[in-house]
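Chains P and U, in that order, are what the protein sequence lines are.
First residue of the first sequence: 1, per UniProt numbering; consecutive thereafter.
First residue of the second sequence: 1, per UniProt numbering; consecutive thereafter.
Don't take every hint at face value.
Note: identical chains are not told apart, hence a pair may lie in one copy or across any two.
[What the hints assert, rightly or not] List time: in silico SDA-like cross-link candidates among lysine to any residue, alpha-carbon distance up to 25 Å:
#1 K59 <-> V131
#2 K70 <-> M217
#3 K186 <-> F60
#4 K134 <-> K205
#5 K17 <-> S206
#6 K67 <-> E78
#7 K20 <-> F60
#8 K108 <-> K208
FYI, nobody ran anything at the bench for these hints, they're computed from the structure.
If you want the building blocks of each chain, they are given just below.
Protein chains: 2
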Amino acid sequence: MNKHIDILEKTLGYKFKNEKLIIEALTHKSYKQPYDNERLEFLGDAVLDLIVGEYLFNKFPQSDEGKLSKIRASLVNESGFDMLARSINLGEYIYLSNAEENNGGRDKASLLSNAFEAIIGAIYLESGLKVVEKIAISIIEKNHKDISLDSLFKDFKTTLQELTQARFGQIPDYQVIASRGPDHKKEFEVAVIIEEKEYARAMGKSKKIAQQEAAKMAVEMLKEK
Amino acid sequence: MNKHIDILEKTLGYKFKNEKLIIEALTHKSYKQPYDNERLEFLGDAVLDLIVGEYLFNKFPQSDEGKLSKIRASLVNESGFDMLARSINLGEYIYLSNAEENNGGRDKASLLSNAFEAIIGAIYLESGLKVVEKIAISIIEKNHKDISLDSLFKDFKTTLQELTQARFGQIPDYQVIASRGPDHKKEFEVAVIIEEKEYARAMGKSKKIAQQEAAKMAVEMLKEK
Numbered sequence: 001m002n003k004h005i006d007i008l009e010k011t012l013g014y015k016f017k018n019e020k021l022i023i024e025a026l027t028h029k030s031y032k033q034p035y036d037n038e039r040l041e042f043l044g045d046a047v048l049d050l051i052v053g054e055y056l057f058n059k060f061p062q063s064d065e066g067k068l069s070k071i072r073a074s075l076v077n078e079s080g081f082d083m084l085a086r087s088i089n090l091g092e093y094i095y096l097s098n099a100e101e102n103n104g105g106r107d108k109a110s111l112l113s114n115a116f117e118a119i120i121g122a123i124y125l126e127s128g129l130k131v132v133e134k135i136a137i138s139i140i141e142k143n144h145k146d147i148s149l150d151s152l153f154k155d156f157k158t159t160l161q162e163l164t165q166a167r168f169g170q171i172p173d174y175q176v177i178a179s180r181g182p183d184h185k186k187e188f189e190v191a192v193i194i195e196e197k198e199y200a201r202a203m204g205k206s207k208k209i210a211q212q213e214a215a216k217m218a219v220e221m222l223k224e225k
Numbered sequence: 001m002n003k004h005i006d007i008l009e010k011t012l013g014y015k016f017k018n019e020k021l022i023i024e025a026l027t028h029k030s031y032k033q034p035y036d037n038e039r040l041e042f043l044g045d046a047v048l049d050l051i052v053g054e055y056l057f058n059k060f061p062q063s064d065e066g067k068l069s070k071i072r073a074s075l076v077n078e079s080g081f082d083m084l085a086r087s088i089n090l091g092e093y094i095y096l097s098n099a100e101e102n103n104g105g106r107d108k109a110s111l112l113s114n115a116f117e118a119i120i121g122a123i124y125l126e127s128g129l130k131v132v133e134k135i136a137i138s139i140i141e142k143n144h145k146d147i148s149l150d151s152l153f154k155d156f157k158t159t160l161q162e163l164t165q166a167r168f169g170q171i172p173d174y175q176v177i178a179s180r181g182p183d184h185k186k187e188f189e190v191a192v193i194i195e196e197k198e199y200a201r202a203m204g205k206s207k208k209i210a211q212q213e214a215a216k217m218a219v220e221m222l223k224e225k
């Protein structure tokens, strides 16, 4: 039984003028209606890219576009949107088939992330960029207390540590597998080990960057499980 | 000697309030100023993604998000923006180093595409989405007379044929290299041959799709030369 949409609207601080639009945004394609949330997701994805891009553009006036792209990529991705979706309990409102429900659909990162994008797309369509920007930034800022390159990098290692402590009672171990290239252009390959099993490997221009990338991949793998 | 910015503003149908902003948007990093157009390009890239995404969302109310993404990808890419940039003679206004100038910089697809994104980013920053949307859509519609999945697919083969006729006095030849997979899920690999030399190969769910993809790659290769 789905929670009533009113409650979601209160959480968002936004009341839809057209109720059909929020229902479409919440409808997973498994629900077999003449509509689903995929078109709104397509739109919302671009809306979020612009909102987050402009936010970072203004917040970091000294950062070059490479750095801005990196920070955005760390916020604008499935596991990032999954987190935002969970923070507004979006899973409780999604319409999906019984099969998908029994398959844990309400708790899947991909479903949650897509529904979040669709909700943003729906608000944009109805009320434009300025309105949806306020709502999205407020949700993002509540979930990322400190948006900076360092803190977002720290986030993945911290997130992974929290996950592994809760699930395995252990912290992850990072091992440098290899370093390649001349001194001024070295690349490091790092593996994340949890309970003596390798979960992910990544390359990076520093050990720190490679660790963060590997941590990110491990977080995504653990969340899928 | 750069053409005067007034003329570009006339072509765009937009007068910048802040002249510094259009100068920044036109400044390639080789010009060695305290500013260049890369941050504005970062912003403009997201602005164009949203503008084109919303345009297609409204234009094709029956198309699913896979189809919309495909059409957008065929418009929103370096060679697409290069074409738009050329249609407003953007190359004549770009500030760049002598070395880059002598290296044909004004005529490079990457420089032109980036400057185009930066100009869009600059107008967005100054006047918001609605204003820049009108300008961008007008340029896009002038350059793509018929925006549809078929016509955009046709575009690459037509473009390649025009290019090869002008350059080699020949039309390209498409050869099916292989087909793989069961009947209901076949994939085709197609090569483009020009003057008995293979230029590109691509896979696709139909011969037509693979040909178009290969034609696109060949067009990009020929334009780089």
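Violating hint indices (sorted, rising): 3, 4, 5, 8
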